[in-house]
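Engineer: Dock the two chains into a complex; use the hints.
As a plain string of letters, each chain reads:
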Amino acid sequence: MLVAAVVAAMTSFVWRRNKSLGTGVVTAATLLAAAAAFAQDDLVRRGEYLTAAGGCISCHTMDVAGAVPLAGGRKLETPFGTFISPNITPDKATGIGDWSEEDFLRALWEGESPDGEVYFPAFPYTAYTGASREDLLAIKAYLFSLSPVSQSNLEHDLSWYVSTRLAASAWQMLNFEPGRFEPDAAQSDEWNRGAYLVRHLGHCGECHTPRSSTGVLQADREMAGSVLGEEKIPNITPHPDAGIGRWSKSDIEYFLDAGMLPDGDFAGSSMGDVIDDNTSRLSREDRLAIAAYLMSLPAMADD
Amino acid sequence: MPRKSIGAILVVAISTTLSIYAFAETTAEDAAQYRTNVMTSLRGHTGAASMIVRGQVEDGGHLVAHARGLASGASELARLFPAGSNVGESEALPAIWEKPAEFAAAIDKLTNATSVFLAAAESGDKEAIAAAFRDVGGSCRGCHDQFRVAQE
Numbered sequence: 001m002l003v004a005a006v007v008a009a010m011t012s013f014v015w016r017r018n019k020s021l022g023t024g025v026v027t028a029a030t031l032l033a034a035a036a037a038f039a040q041d042d043l044v045r046r047g048e049y050l051t052a053a054g055g056c057i058s059c060h061t062m063d064v065a066g067a068v069p070l071a072g073g074r075k076l077e078t079p080f081g082t083f084i085s086p087n088i089t090p091d092k093a094t095g096i097g098d099w100s101e102e103d104f105l106r107a108l109w110e111g112e113s114p115d116g117e118v119y120f121p122a123f124p125y126t127a128y129t130g131a132s133r134e135d136l137l138a139i140k141a142y143l144f145s146l147s148p149v150s151q152s153n154l155e156h157d158l159s160w161y162v163s164t165r166l167a168a169s170a171w172q173m174l175n176f177e178p179g180r181f182e183p184d185a186a187q188s189d190e191w192n193r194g195a196y197l198v199r200h201l202g203h204c205g206e207c208h209t210p211r212s213s214t215g216v217l218q219a220d221r222e223m224a225g226s227v228l229g230e231e232k233i234p235n236i237t238p239h240p241d242a243g244i245g246r247w248s249k250s251d252i253e254y255f256l257d258a259g260m261l262p263d264g265d266f267a268g269s270s271m272g273d274v275i276d277d278n279t280s281r282l283s284r285e286d287r288l289a290i291a292a293y294l295m296s297l298p299a300m301a302d303d
Numbered sequence: 001m002p003r004k005s006i007g008a009i010l011v012v013a014i015s016t017t018l019s020i021y022a023f024a025e026t027t028a029e030d031a032a033q034y035r036t037n038v039m040t041s042l043r044g045h046t047g048a049a050s051m052i053v054r055g056q057v058e059d060g061g062h063l064v065a066h067a068r069g070l071a072s073g074a075s076e077l078a079r080l081f082p083a084g085s086n087v088g089e090s091e092a093l094p095a096i097w098e099k100p101a102e103f104a105a106a107i108d109k110l111t112n113a114t115s116v117f118l119a120a121a122e123s124g125d126k127e128a129i130a131a132a133f134r135d136v137g138g139s140c141r142g143c144h145d146q147f148r149v150a151q152e
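From first to last, the protein sequence lines are chains A and B.
Terminal number for the first sequence in my numbering: 303, no gaps in between.
Terminal number for the second sequence in my numbering: 152, no gaps in between.
Hints should not be assumed to be uniformly reliable.
What the hints assert, rightly or not - No farther apart than 30 Å at their CA atoms in a straight line, the calculated lysine-lysine pairs in the DSSO-like style are these:
no.	chain 1	residue 1	chain 2	residue 2
1	A	Lys75	A	Lys92
2	B	Lys99	A	Lys75
3	B	Lys99	B	Lys109
4	A	Lys249	A	Lys232
5	A	Lys232	A	Lys75
6	B	Lys126	B	Lys109
7	B	Lys126	A	Lys249
8	A	Lys232	B	Lys109
9	B	Lys99	A	Lys232
10	B	Lys109	A	Lys75
Note that these hints are calculated values from the structure, not bench results.
Just chain B, with the same shape it has in the complex (with noise of 0.2 Å):
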């Protein structure tokens, strides 16, 4: 075996390791806290996306950034919440755990409007950008009443 495939190797086997090893040091907190991370973004998008939504801010372009930004966040739903990660300050509520097929769909939801979205600010169609906006916040409203603790 020539000496470059194996040196290939090696560094597969140790980035591997190693993101085996990164993986099992992420705690419950870490784990919650990336969630909060990740949903705050999220919250940043759809803010942002509203004022131009709106008109009260120029489009140049942005409207399909924020909407990827929704996308590749909706993408990652799944992922954000390990069992017993809800420590600390977590708001996720046992449902979602308890729950999973009923979990399941209301990431799906999200997903499937964030792409009507993204495809909607690719377009223009100002009609079809709202409407489907109002379906992405339909989409964390009603995964919020689900499994997430009521706000103030």
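Next comes chain A alone, as it looks inside the complex (with noise of 0.2 Å):
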């Protein structure tokens, strides 16, 4: 982003002198024009990685083969009904075309849409409220760089006592802070750096982190283990027997690469998208950081 706009003022401070100084300035602006264009390049490319840590494409793909990515669609059972995951193309009738960083920042930060509704948790805005503007407008930058999908959105199917918006505020008004990721400067950059992508980016707390009556999760008991409709989640606390702290760090690297767990036994389940479509796209160096935060958490037996 912060590149892009240097190169667009440099452009135009070239441009303004062109006049003056001839040919030999238009070829300067044509490279400028083509390192503009690198940048626009390696902003999309940021973003897709981004978009791969925050694991969109689980969520927002239906579960069909041959499914087109970040369409929509995707129905989310929950114990307070079936969500049905919206389009996030760039189509203007029915994806998010015509919206604005503003619109998309105020989503992911706040969970409220354009129109000032409120977002339902299942979209885990919760999460991504600690994710950089940086890396938030990378991620719109993918997305506006796909193709746009039409395919409209579907209602949800809720339980009566959550069906409508109002429920939405009312739960956010209760149990939602937003706020941006601090790091902690007492800790090193590598777990730093797995802090953002377990807590925020990645959400791994959505899924193993137990939740009270009302879904709120218990940040006392992070990574301790959940269950999800008739899915047990496990605890990945470093915990030698309810958790994975007989795990070496290469142990869980790899897990979250290849989904091998360290017994040669490969499980399959819901972790399966969050390997394929997260953790196996991202470098050896930030699967390693999620590995090291994870193994710095206070070890938790089971309840």
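Structural biologist: Given below as structure tokens:
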């Protein structure tokens, strides 16, 4: 973003001087335009990486072979009913093609639509609120580089007591505090990167941290395991028996890369989507950072 | 007919009878246990191979052996699931018998992935090995996701 802005500023500077300086500078301007295109490419590539790190694809893509990524329509079963994810391709009529950068930030940071409607926390804006402006705008640039897909959003199918946006507003008012991630200066860069990925972009706690009866994550039992529908989500704190305390850092990194448990087995589960769409697409350094963060959590026995 | 060939025919006849006999003796419990044992051997090979692939253990020519073990295990998968063998502690889901085409596709996927992995291991090309091994794991994971009881 910054790079693009700087290049844009420089381009306009050269353009002004262009009149007096003649053709040599036209070439320079062309070069700079090319540089701006490169910067845009770079931004889009970064955005693609961060979209993977944000796990957006798993939720915003239908669960059928050949579904177009990010066009929505995925059914997400929760104790409150079935949510159906919206289309986030840049289609103007059925997707988010009309959205400004501020609209996008507001959705991911505040959990509010451009019309001021409050989103349900099935969209984990509660985690993305910690993501940086730069990263979210890179994600937007990537989404907007995709072909628009015309696919209308479907209504969620929710229990009566949560079925209105009013319920979402009330929930948000009671349970949500927006705010960016603050690096902990006492910790290493690796730890801070891991914390950012696990708590915010990767929203690992959405599955691995237990919830209260109103669906709020229990901060004092971060990553201590949970139950979602019929699926039991394991404890991934460093507890030697209840959690993954016996796993080496390399075991964790490799699990996030290839899905292999340290004993050579491969569990199939919703973690499979996380591995395919998110963690296997990250750099080894980022996976190691995630491992470092998980290994630093307080070891927690099962309840 | 010379004596020798009569003898040979008898041997074949007897051993055929014996093998049919032995097969008839395979109980559902035996089939489930045999399956568990073969799956456990696959896990042994993937666990060991992964440590060589990740460079934690010297290859010393043994990656190829693990790749062969995986390929031969894969070639046996189709016969591991006789109908009615999801007994006792079995984690086999009914979908195995309800969706035979999908299940066969999951077996094919592992068969292909293990033969690509074997070729890569024989070539010694590190990058090809890592990619092929990831596909082997993806095939184990894909089938377990659809056809094995979810793990904790």
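Engineer: Of all the hints numbered above, which does this structure not satisfy? Sort the numbers upward.
Structural biologist: none
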